[in-house]
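Chemist: Listed below, chain by chain, are the residues.
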Amino acid sequence: MKRTLAIVLALTMLLSLAACGGGKIQTDPNRLVIWHDKEDAVIEALSAYLEEALPGVEVVFEKKTSLTDSLKLVGNDPNSAPDLFIFAHDKIGVFAEMGILSPITGLLDEGVLEDYLDMTLEAASYKGTLYQLPLYFETLMFMYNRRYMQDEEVPATTDELLAYMQANTGRGRYGFVEQHSTAYYSAAWIHGFGGSIIDSAGEPFTEPEAVKEALRYHLQFVELMPGETEYATVNTLFLEGKADATIGGPWMVPSARAAEIDLGIAPMPVVDATGMALAPYSGVQGIHVLKFAAENKAEAVKVLLDALTDPQVGVSMALASGCAPANSKCYEDPAVADDALVQAMRETAQIAVPMPNIPEMDVMWTVTSNLLTDVNLSGKDVDSAFDEALKEARNLIANMK
Amino acid sequence: MKENVKKKKGRDWLFSYLWSAPSLLLIGLIVVFPILYTAYISLTNMSVYHWFDYSIIGLSNYARALFVFDSGFLGALLATILWTAVNMVIQLVLAFVLASLLNIQKLRLRKLYKTLLMFPWAMPGYVSILLWKTGMFNTQFGLLNQWMEKLGHQAVRWLSSDVSAFICCTVVNIWLALPFMLMIMDGAMQSIDKSYYESATLDGATWLERTRYITVPSIRPIIAPAVIITVFTTFKQFDVIYLLTQQMGAKTGSGLHTILTYAYENAFITNNYGYSSAISIIIFVLLILFSIRYQSPEEGSA
Chain A
1 MKRTLAIVLA
11 LTMLLSLAAC
21 GGGKIQTDPN
31 RLVIWHDKED
41 AVIEALSAYL
51 EEALPGVEVV
61 FEKKTSLTDS
71 LKLVGNDPNS
81 APDLFIFAHD
91 KIGVFAEMGI
101 LSPITGLLDE
111 GVLEDYLDMT
121 LEAASYKGTL
131 YQLPLYFETL
141 MFMYNRRYMQ
151 DEEVPATTDE
161 LLAYMQANTG
171 RGRYGFVEQH
181 STAYYSAAWI
191 HGFGGSIIDS
201 AGEPFTEPEA
211 VKEALRYHLQ
221 FVELMPGETE
231 YATVNTLFLE
241 GKADATIGGP
251 WMVPSARAAE
261 IDLGIAPMPV
271 VDATGMALAP
281 YSGVQGIHVL
291 KFAAENKAEA
301 VKVLLDALTD
311 PQVGVSMALA
321 SGCAPANSKC
331 YEDPAVADDA
341 LVQAMRETAQ
351 IAVPMPNIPE
361 MDVMWTVTSN
371 LLTDVNLSGK
381 DVDSAFDEAL
391 KEARNLIANM
401 K
Chain B
1 MKENVKKKKG
11 RDWLFSYLWS
21 APSLLLIGLI
31 VVFPILYTAY
41 ISLTNMSVYH
51 WFDYSIIGLS
61 NYARALFVFD
71 SGFLGALLAT
81 ILWTAVNMVI
91 QLVLAFVLAS
101 LLNIQKLRLR
111 KLYKTLLMFP
121 WAMPGYVSIL
131 LWKTGMFNTQ
141 FGLLNQWMEK
151 LGHQAVRWLS
161 SDVSAFICCT
171 VVNIWLALPF
181 MLMIMDGAMQ
191 SIDKSYYESA
201 TLDGATWLER
211 TRYITVPSIR
221 PIIAPAVIIT
231 VFTTFKQFDV
241 IYLLTQQMGA
251 KTGSGLHTIL
261 TYAYENAFIT
271 NNYGYSSAIS
281 IIIFVLLILF
291 SIRYQSPEEG
301 SA
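Protein chains in written order, with my numbering: chain A, 1 to 401; chain B, 1 to 302.
To be clear, the hints were calculated from the coordinates, so they are not data collected in a lab.
Even glycine gets a Cβ: it sits at the ideal position worked out from N, Cα and C.
Do not take every clue at face value.
Claimed, not checked - Below 35 angstroms or equal to it, Euclidean Cα-Cα: the simulated DSBU-like pairs (lysine-lysine) are:
#	chain 1	residue 1	chain 2	residue 2
1	A	380	B	194
2	A	127	A	302
3	A	127	A	38
4	A	302	A	72
5	A	380	A	212
6	B	194	A	72
7	B	111	B	9
8	A	401	B	236
9	B	236	A	391
10	A	291	A	329
11	B	236	B	106
12	B	236	A	242
13	A	38	A	302
14	A	380	B	150
15	A	380	A	242
16	A	380	A	38
17	A	63	B	236
18	A	64	B	194
As the list claims (entries may be wrong) - Between beta-carbon pairs, the in silico distance windows are:
#	chain 1	residue 1	chain 2	residue 2	range
19	B	78	A	207	51 to 61 angstroms
20	B	78	A	156	50 to 60 angstroms
21	B	194	A	70	55 to 65 angstroms
The following block holds chain A by itself, in its conformation from the complex (with noise of 0.2 angstroms):
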């Protein structure tokens, strides 16, 4: 009996494991699998376009939650590869140096990008070639609960933005939060001094004065913020009405609705020393091509790609999910005209600098949350943090390679 049973028990496991290798082909033409990590109201608007849009062919959604490790794993492999993905366009360097991707230019027809937002499109471009057909996309706006904060207080500069907290901040209500000790919240500051976290030539850091001005500058508003610098406690502070302003992304407006937040969006503060507004960094959203895709199933890819270009697309995203389309044409629709969300992306779009999409930016996003926790809230001195994380980033991207 015992034995009968040790013998099935290994069985089933050599059966399992050889269940793990098999695979199959996709060799059909005209169905096109799309890997993608977004909210099911998007993928939702999208496959229902697409269903009526291109009868001929069969287009898959699937959702992946990491979908970049998984793309590392099976990119170049037919078998288990999506055709195409929709994801952020930050990796796009790393996954064409890997060289998984196809540029796109060759799939598009003339002509059909004269309306996208520049912004967009220098984002979806790596080293001068098109990876992306940019969807839609997300930047930092300022937000704030006009219960506590009025139309007319608004900061229109960074001084008036520090004399309103140093006014409401205190008692366990803070005049404004924000995630003070990241690196892509701070971006924006840096930026609105004229600094940047790392150039397209992979240079960390290329205007270091401008850099440490803005950390000197920006450590006043983090004195008068709490000692995290975490997502979940900010945007606690802001949808329980403890903090009066914050710096946000689309996705909080869901959430501040549902807290019954009556929420006001403003253009960024400037920066009374520079001139320059607040710059946050945007992310664009759009789809890329597999290589192995691109070289066997162009037709379907083509036809799919035409497809998205139609500004109808962005209309639909907009409205079902507050996304601001990367193709400026959207916006003439009335109800994205109305859409004061959307709008305010839009403008916002004109100042957001897109985030780098080169493969060193990977070790900058640790490099300057350590530098800004340093300054921030280990009370190290700015020279001397930031000379150890410049030296801190050449190494490591020197150790990329």
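Since the structure of chain A is already known, use the hints to place chain B on it.
Modeler: Chain B only, in chain A's frame:
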């Protein structure tokens, strides 16, 4: 006759391997293969720039990896040793005390206490760590700061300095790891023959003497493997420290690093797999060396 026995022995030997073959295969696949594969990758130039077209470049990754083992790494190594020692001592003492209490003869609701004490083990570590982070240590909403406020003190940033972050991480780690040690200790104590205690009591031995001469020597061989396992898991602990203080976008400002979080921040984020693998192999060798040092006296006494 003799021939027959020999044959049977040979068959037994063969069968014992045959029966354990599936598990050996599985161990080979999930333990041995990754180590060998990591060693292989460490000899290549696999990185973002040579992802699928990597080639063997010899030992140059190791030459570069040694640069990571700088003063920062030494500090992290010392912190890791301190971390392991502190955690082990507290865990052993606490588990021993709690197991002794659980073994009091006339204890009521023993099962309830045991279930409660096992509870931290039933939750995924990731969830418990983040719960501790927001539920206890958060400066705005955490329980600790609500108490501080009630007592009329200033809010404290628990995770922002090295020492207090070390203490907080230790508390969470012990909360997570105690059930394992406690279960082993409890089992070991229950396996001791009660008659030893009875005759010792008759001879007039005090509780302290009974503990010293009966309990500790009897449970030693049983808990030794558990201690070794726990030393390793504590030594290579990553989740607790990373999630509490260094998670991307939620750094707290403490500079506390163990060798693994240090290696992560100084190598793994580069996406240079060849280089990172070389570092992993060096850490692996370090761990093996530690284990040899630790294991030999233990084996001798047991």
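Chemist: Checking against the hints above, which ones are violated?
Modeler: Numbers 1, 6, 7, 11, 12, 16, 18, 19 - these are the hints that the structure violates, sorted from lowest upward.
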